[in-house]
Amino acid sequence: MDTAPTPAAPAAMTVHDLNVGFGNVTVIDGLSFELRTGEILGLIGPSGSGKTVTMRAMAGLVPHRRGEITIFGRPFSELTIRERELLRRDWGVLFQQGALFSSLSVLENIEFPMREHLDLSPKLRREIAHVKLDLVGLPPSAAQTFPAQLSGGMIKRAALARALALDPKILFLDEPTAGLDPIGAGKFDELIVTLSKTLGLTVLMVTHDLDSLEAACDRIVALADGKLLKAGTLTQMRAATEPWLRDYFHGPRAHNLEG
Amino acid sequence: MGRYIELSTTQDSDLVVRCSGDWTSANARALELDVAATEPSLAKSTNTVIDIAAIDALDTIGAWLLTRLRRQGAGPSGGFAGASGKHQSLLERIDNYDPEEAPAPTRENWFTAPFDTLGRTIMGGSGDIYAINTTLGHLLSAFGQTMIGRAPLRLASFVQQFEQIILRAIPIVALISLVVGAIITQQTILQLRNFGASILVVDLAAILMFREIGVLLAAIMVAGRSGSAITAEIGSMRIREEFDALRVMGVDPYQALMLPRTLALIVGLPLLAFVGSMAGMAGAILVARVYGDIPVDVFIIRLRDAMTMTSIMAGLIKAPFMGLLIGLLASLEGMKVQGSSESLGRRTTSSVVKAIFVVIVADGLFAVFYAAIGF
Numbered sequence: 001m002d003t004a005p006t007p008a009a010p011a012a013m014t015v016h017d018l019n020v021g022f023g024n025v026t027v028i029d030g031l032s033f034e035l036r037t038g039e040i041l042g043l044i045g046p047s048g049s050g051k052t053v054t055m056r057a058m059a060g061l062v063p064h065r066r067g068e069i070t071i072f073g074r075p076f077s078e079l080t081i082r083e084r085e086l087l088r089r090d091w092g093v094l095f096q097q098g099a100l101f102s103s104l105s106v107l108e109n110i111e112f113p114m115r116e117h118l119d120l121s122p123k124l125r126r127e128i129a130h131v132k133l134d135l136v137g138l139p140p141s142a143a144q145t146f147p148a149q150l151s152g153g154m155i156k157r158a159a160l161a162r163a164l165a166l167d168p169k170i171l172f173l174d175e176p177t178a179g180l181d182p183i184g185a186g187k188f189d190e191l192i193v194t195l196s197k198t199l200g201l202t203v204l205m206v207t208h209d210l211d212s213l214e215a216a217c218d219r220i221v222a223l224a225d226g227k228l229l230k231a232g233t234l235t236q237m238r239a240a241t242e243p244w245l246r247d248y249f250h251g252p253r254a255h256n257l258e259g
Numbered sequence: 001m002g003r004y005i006e007l008s009t010t011q012d013s014d015l016v017v018r019c020s021g022d023w024t025s026a027n028a029r030a031l032e033l034d035v036a037a038t039e040p041s042l043a044k045s046t047n048t049v050i051d052i053a054a055i056d057a058l059d060t061i062g063a064w065l066l067t068r069l070r071r072q073g074a075g076p077s078g079g080f081a082g083a084s085g086k087h088q089s090l091l092e093r094i095d096n097y098d099p100e101e102a103p104a105p106t107r108e109n110w111f112t113a114p115f116d117t118l119g120r121t122i123m124g125g126s127g128d129i130y131a132i133n134t135t136l137g138h139l140l141s142a143f144g145q146t147m148i149g150r151a152p153l154r155l156a157s158f159v160q161q162f163e164q165i166i167l168r169a170i171p172i173v174a175l176i177s178l179v180v181g182a183i184i185t186q187q188t189i190l191q192l193r194n195f196g197a198s199i200l201v202v203d204l205a206a207i208l209m210f211r212e213i214g215v216l217l218a219a220i221m222v223a224g225r226s227g228s229a230i231t232a233e234i235g236s237m238r239i240r241e242e243f244d245a246l247r248v249m250g251v252d253p254y255q256a257l258m259l260p261r262t263l264a265l266i267v268g269l270p271l272l273a274f275v276g277s278m279a280g281m282a283g284a285i286l287v288a289r290v291y292g293d294i295p296v297d298v299f300i301i302r303l304r305d306a307m308t309m310t311s312i313m314a315g316l317i318k319a320p321f322m323g324l325l326i327g328l329l330a331s332l333e334g335m336k337v338q339g340s341s342e343s344l345g346r347r348t349t350s351s352v353v354k355a356i357f358v359v360i361v362a363d364g365l366f367a368v369f370y371a372a373i374g375f
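Listed in order, the protein sequences are those of chains C and F.
Take 1 as the starting number for the first sequence in the working numbering and just add one per residue.
Take 1 as the starting number for the second sequence in the working numbering and just add one per residue.
Fair warning: there could be bad hints in the mix.
Claimed, not checked - To list a few chain F residues with every Cβ distance to chain C over 10 Å, as calculated:
hint : residue
1    : Ala37
2    : Lys44
3    : Ala81
4    : Gly149
5    : Ile176
6    : Phe243
7    : Ser311
To be verified - Computed list of lysine to any residue pairs in SDA-like fashion (alpha-carbon distance at most 20 Å, straight line):
hint : chain 1 : residue 1 : chain 2 : residue 2
8    : C       : Lys197    : C       : Thr37
9    : C       : Lys187    : F       : Tyr97
10   : C       : Lys123    : F       : Thr67
None of these hints come from the bench; they were simulated from the model.
Every value quoted in this text rests on a predicted model; they were computed, and no experiment measured them.
Backbone N, C-alpha and C define an ideal beta-carbon position, used for all residues, glycine too.
If we strip away everything but chain F, and leave its shape as in the complex, we get (with noise of 0.2 Å):
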């Protein structure tokens, strides 16, 4: 028959099935197959026994494929011929193991699985929605009682989140918006050029650089760098039960972790997006002398006329409620982090993606406003 498995009829059953070898993990696929094929032959046999005197080694995996094949040949109560003690009480006990009692996985329908996932999508989205409020209440309740002196000024705290946040963000966003303002000068002269007025560059990398890309470039760079940074530390918290350590001892996690962060964020980004725009400006400098033989003093003199202080306050009036939304969504995502470090994973993903569309729509809905206000 196969390696392990010899078939053969005496006097007394139709069917004899003498096993042999090592009936260990390590041959457990042989094992399977010659298992498999010896099963036709248990559907016909009325008597049949089950001879394993010549097993030498048994595990639990070795076991559990006599076990099946008795169940299937000897019926329920036929026993083994041949056990020794060692192999009987191994038998024994895995017998005990009824796969009628496993619970079949539940498995969704094909047809209805999108539509099922699309209404979880939609309702998740539309829960958001409520969750981004109650965290907003959360945040604003523990500024209230700070505020009204209820509740510690966590002044250290804020410090630290600030320097994270925000300082250490410094060179990065300065770098980014300095080659970003490059590359637009750059094409920006290569097509004014054309027209013989290289020199609305400077009012052109002024407006964009001040206006829109300067606080864009900052939010997205602190959405990516501490949005999962936030999440990741929140849900991380919230996996060790750190969160309710906070919360039995009396401190509002809220109060204590949030608020500082989201506070650090939107007092920090205003900042962060200003430093961006100047470094986005000397960027735009150096390429209109190099590509457009702008002289930097005849820059400077188009860039005050070119300059208001419309200009700076319509960017840096955005940073603050740029920030908040990156708290928030951060805080938010931090909570949701349940149990398992795959849950972890998701969630900080979640929070930067979330934060970063977030951030982009908002600017829109400025520029929007602005217009119709005629800022």
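Pulled out of the complex, with its shape left as it was, chain C reads as follows (with noise of 0.2 Å):
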């Protein structure tokens, strides 16, 4: 840590050290990196090179057998049981595929997080969410739809609006723009960069979308058999050596990217 140049902005989380783990299988084996307040990271990888384990190791969802991980410099293994649930309210997640609550209509999952932790009237409460509707940019007609009737754009979004209800300060991106059509992909690149800026949000994507990795994310940190392969901005991973991120940036897909 000492030999790493001095982070712009204080780390909302750092992860040291990380080894995740099934059975005999070990998905994640020694990752260190860390997330910056404000920032948007993104985490790339090929399939099966754990970036989504890493994200829900992050987000608490997954067990880690070595390591640590530190929210707002608190080691998260120190906390306590109330102070982990207090700390969940913090950070958002968006699940690839939306995880909306199926039975419940769009504004009541919106609505469904609040009135777990937040001391609300009904009346503000619905007010709040349909402001975090607006905010992720969904018509206040679909506040009375469900999940099944919606498309895949708008589940993300609705997602979004879920994982927007209770102003987390960390908002963990599972492959936002997977299954949106390009312009959609682009528009949510920007709703997510709007967001963040507006609202202060810190925010790890992870993503093999490399239009996101250009329009959104601050930093990247790419990650290779359950490691780091490396970390830096656009330019620096682009300039980098690694045979898989030259293929990477270089290959077929990313000619927008040299242009």
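Using the hints, put the two standalone chains together into the complex.
Written out as structure tokens, the structure is:
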């Protein structure tokens, strides 16, 4: 850590020497990086390199075998159960498939975390849920619909609104633009950048989308085989000499980044 | 005024609302109360200034409350005094939302609502009769196509379902029938003993078990055990689009999924009913020995006279029809699953309830029919 350059902003979360495995399989082995306050960090890597597992470990959904995750300077393992519960309100997670509750309407989905954790009058809760819906760019008419009636892009937006319901400080996005058309994906990137600016969010984004990396991410962390391959800005990554990164940033699908 | 809002007047304006502290979700309740308490003063004032310079932290909830305050006090065009750049951009973004645009949730009239529900239930019931015939038609056409060799005979699937639905149900059906047979025999023996006719318990137990109880218990068990499983399986396949995947690959889901299950039910239920009836008789023999002092060999000799092939057939003939009804209802309810996991749960429940109801009604109809033809 001493050799690392002075970070531009204090770290919202740090991951140090993380080791995560299931049974005999080790998925993440000795991974260290940091998520700086206010930045949008892209997490890339080949399929099966442990991106989603890293994100889930950071969100406290998967236990780790070794290593330390700190959040706002406090090691996660030293927190009491009560403190962890409180801390969980400080992060929102957007799951790959949205994970909206299928038996609740979109508005009820957004209201749900508020109903659980905040002491609000039903009227204010409803209004706030509508505000969040407006924040993610969904029309007011979407409020009463059910997740099964929504398109893929709308599900992502509704799920983002729910992830933002408690005004989290950190937002985890698991492949936010996967399955969206290029225009929809572009708009989603824009939305995340705007939201992160206006709400002061720190964002960790697991993605495969080169355009997202360019449009949204301040820094990029690349994983390979459960280890850190390289971390840096897009320019640094593009100049990297590692074979996988070279293929990734200069491959046939990266043409619009070059121009 | 409150912890977060202070009211005062200056020369330029009749009301200055000075907001301070953390306007965040953690203080949401107190903020809401403060804002509500300010509203009467806002309504009286004509020239309001909202000063937010002293606000430390602001999130969307705080920003929305401020926006509400501003819209009521300073009017839609008025701004905030002393907003820092960061807060300003959030407030501008939130101001984008106009509650007028949000459609009011449709509420039903309290008076018409019960009639509405009643009407929908009745129409749903008659719709069910139509739908059950449709399902039957689909199944028959799938069966016909298999018979004339236009569709594959799914023997592996049939055998697997037969094992799941029938063979694995044997222990529980046998156990329940044994217990029920024992209970019936015990109760009748206690009554018949008063007339000195305890030996007649053999006739009673045999006829009851083979004609009614055996098949009914087996059908109810299978409806609960496998009817729910079939509905849940088909339902979750529908939710996850596996059903549509089958269709676009040119495979008829009725052919591939419903037919093997329903056939297993039709073929297997008589078997289960027979096993159940035999287990019931075992229970009867046991209890007759213990409570009625009827030795086993006497029981068997009496049973030879009491039992006829008609009694056995009367029970077994009903079984395939009950199997068909269970299969039909389970498939039908599975097909009705839409989108949500809640719908899956509701359909599974309704599949079991309907199947048990229909099985019992069918049994009653058979009893009337048998009596009419003297079977």
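Against the structure, the hints:
no. : hint                 : in the structure
1   : Ala37                : holds, 13 Å
2   : Lys44                : holds, 23 Å
3   : Ala81                : holds, 20 Å
4   : Gly149               : holds, 39 Å
5   : Ile176               : holds, 34 Å
6   : Phe243               : holds, 14 Å
7   : Ser311               : holds, 49 Å
8   : C:Lys197 <-> C:Thr37 : holds, 12 Å
9   : C:Lys187 <-> F:Tyr97 : holds, 19 Å
10  : C:Lys123 <-> F:Thr67 : holds, 15 Å
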